[in-house]
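Engineer: Given next are the chains, with one letter for each unit.
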Amino acid sequence: MARYLTIRLLEGIVALVIASIVVFGLARMTGDPVQLMLPDTASPADYEVMSRQLGFDKPLPVQYWVFISKAVRGDFGRSIRYRRPVIDFILERAPATIKLALAAAVASFLISVPLGVIAATKRGKWQDLLVKSFAILGQSMPTFWLGIMLIQVFAVLLGWLPAAGNMGFRYWILPAITIGYHSTAGLLRLTRSAMLDVLHSDYERLARIKGIPDRLVIWKHALRNALIPVVTFSGLIYVHLLMGSVVTETIFAWPGIGRLAYEAVIYRDFPMIQGLILLFVGLYIIFNLIIDLSYVYLDPRVKYVKE
Amino acid sequence: MQNGKNGQGMRLNLGILPAFFILALFIFAAVFANYLAPFSPTEINLSNARLTPLSVVGGVTYWLGTDQLGRDILSRIIYGARVSLIVATIGVFAAGSIGSILGIIAGYRGGAIDSIISRSVDVMLGFPTILLALVLAIVFRPSLFGVALVVILIYWARYARQARGETLKIRTMDYVTLARTAGCSDLTIMMRHIFPNVVNSLLVLATFNVGTVITLEATLSFLGAGIPPPTPSWGTMCADGRGILVSAWWVSFMPGIAITLVVLSSNLFGDWLRDKLDPQLRDL
Chain A
-1 MARYLTIRLL EGIVALVIAS IVVFGLARMT GDPVQLMLPD TASPADYEVM
49 SRQLGFDKPL PVQYWVFISK AVRGDFGRSI RYRRPVIDFI LERAPATIKL
99 ALAAAVASFL ISVPLGVIAA TKRGKWQDLL VKSFAILGQS MPTFWLGIML
149 IQVFAVLLGW LPAAGNMGFR YWILPAITIG YHSTAGLLRL TRSAMLDVLH
199 SDYERLARIK GIPDRLVIWK HALRNALIPV VTFSGLIYVH LLMGSVVTET
249 IFAWPGIGRL AYEAVIYRDF PMIQGLILLF VGLYIIFNLI IDLSYVYLDP
299 RVKYVKE
Chain B
7 MQNGKNGQGM RLNLGILPAF FILALFIFAA VFANYLAPFS PTEINLSNAR
57 LTPLSVVGGV TYWLGTDQLG RDILSRIIYG ARVSLIVATI GVFAAGSIGS
107 ILGIIAGYRG GAIDSIISRS VDVMLGFPTI LLALVLAIVF RPSLFGVALV
157 VILIYWARYA RQARGETLKI RTMDYVTLAR TAGCSDLTIM MRHIFPNVVN
207 SLLVLATFNV GTVITLEATL SFLGAGIPPP TPSWGTMCAD GRGILVSAWW
257 VSFMPGIAIT LVVLSSNLFG DWLRDKLDPQ LRDL
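Heads up: the sequence lines are chains A and B, in that order.
When you line the first sequence up against the working numbering, it's residues -1 to 305, in that order.
When you line the second sequence up against the working numbering, it's residues 7 to 290, in that order.
Same shape as in the complex, but just chain A (with noise of 0.2 Å):
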């Protein structure tokens, strides 16, 4: 188990370290920030300048080592729109969208497994018709256009809901929706397939057989089974509700890393860019190796499987 681990573990800094080398390359490609920067009356000597003293001037490599140690460090530079070291934006940032993504994927779970427990359960009645239009919808239409369709309904018309910012709870209402909506789909098909395939199955007919009273069959034994593909698409939910968040936060105004990290290449703000997109990258390694870990937890047949 502890070399399964790490083996992971190292598979996972392996990609980090690529995904660093395609971030750092992409971020030059968008075009030249020395350039952005100057004003066009600048002469080819200020021009000179200023590439020293951000450190372009030196050949590639250099710049990617210099990039490298001092990101290992938690030092991702100073953001160019913004003359601040990154990490203080994103550490400023963060907690908005966290919270966000956060409170979208709880209420996503507490709606999904329910649903699709009565889902499965009433196969083919009118209640599973129902969720199971309601979760082709979702994973059927746009994030964004979700967001400007709420923001019409809600805040325009209706006047109920605010539609930017965030400064209270009623705030959290919409954005958090339309987040949410397209994984709620997705989490209610999977508890949905998940519980019909073990409601079925020939360990749920044992316990039934052994005496168990139904509602504690369902429950406690289909569920627990049930749960472990589920875990698995909820760590990718959490992940993707981060990256989600690009979208709906540049709609709805919140000051999230989404926004900033939309903003960021629209103004070719390397640093950032880069910084950006490494933490999101670093986030979904960990992520996927905490689910490595549950699987082996939930599933004990997974620790005599290897590759």
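Quick caveat, the hints were computed from the structure, so don't treat them as lab data.
Cβ atoms here follow ideal geometry from the backbone N, Cα and C, with glycine treated the same way.
Keep in mind that the hints are not guaranteed to be accurate.
Claimed, not checked - Short, incomplete list of chain A residues facing chain B, as computed with Cβ under 10 Å:
id, residue
1, G10
2, P140
3, Q150
4, F152
5, V245
6, V279
7, Y282
Fit chain B to the given chain A structure using the hints.
Structural biologist: Showing chain B alone in chain A's frame:
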């Protein structure tokens, strides 16, 4: 895997016909846009700006209304279908081909090639899609070509992972060993034995991918990093209508419905295809 008689697909019981119909309509509209659209999609006509759906002006009906520049929404949606279809077709086909080939090679050959490809796949899958798409779209400058390239770069990994997984399962089978003993080259084995058995799940993946690609293109266009104006793209149309949501909600609403319907139909089609080809693929 337990009893297979459950048919636990998520398909709605209405049957697959509505989905087929919508997809056919989508393709038809994209191909025959010139003949189908009642107006020009780019012609600006300020005197007809912001007409509500079903307005009749001077004897002609604007079925879905007009936007703030007087352009007919219905015509723009029809032409927008063309953009979506092109991106979806090229993107899915190219990403699918490249990804599948790499995946099969990785799964079959193993060793160093497998490591390289697998690590690349991991990295690509780990990248935040939207962010990566944004960066790439700006690198390649907003254009149809750029969007197609973004799609290929982002989605090839999904096919590679699927293909590799399936290949790993198959390569230990008897008929593969027999083919090897008989002296077949690796290429022959991969083409004639591995690929036909792997292609089913890849096709299902492709149909679901169509919806994802269309949504990605729309999102990029919405954010301003996709198809540049004046070419009508459903995403750009939604963005256009954002400023006048209060007075002319249909400008953003209609293209969104179009996107939803097409993605919905392709998802339903994917479900149907999966059930037809191999119910065991339910896990997708």
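Engineer: With reference to the structure, classify each hint as holding or not holding.
Structural biologist: Tested hints:
1. G10: holds (8 Å)
2. P140: Status holds, d = 5 Å.
3. Q150: Check passed: Cβ of Q150(A) comes within 5 Å of chain B, closer than 10 Å.
4. F152: violated (12 Å)
5. V245: Interface hint status for V245(A): holds (6 Å vs cutoff 10 Å).
6. V279: Holds. Min distance 5 Å.
7. Y282: holds (4 Å)
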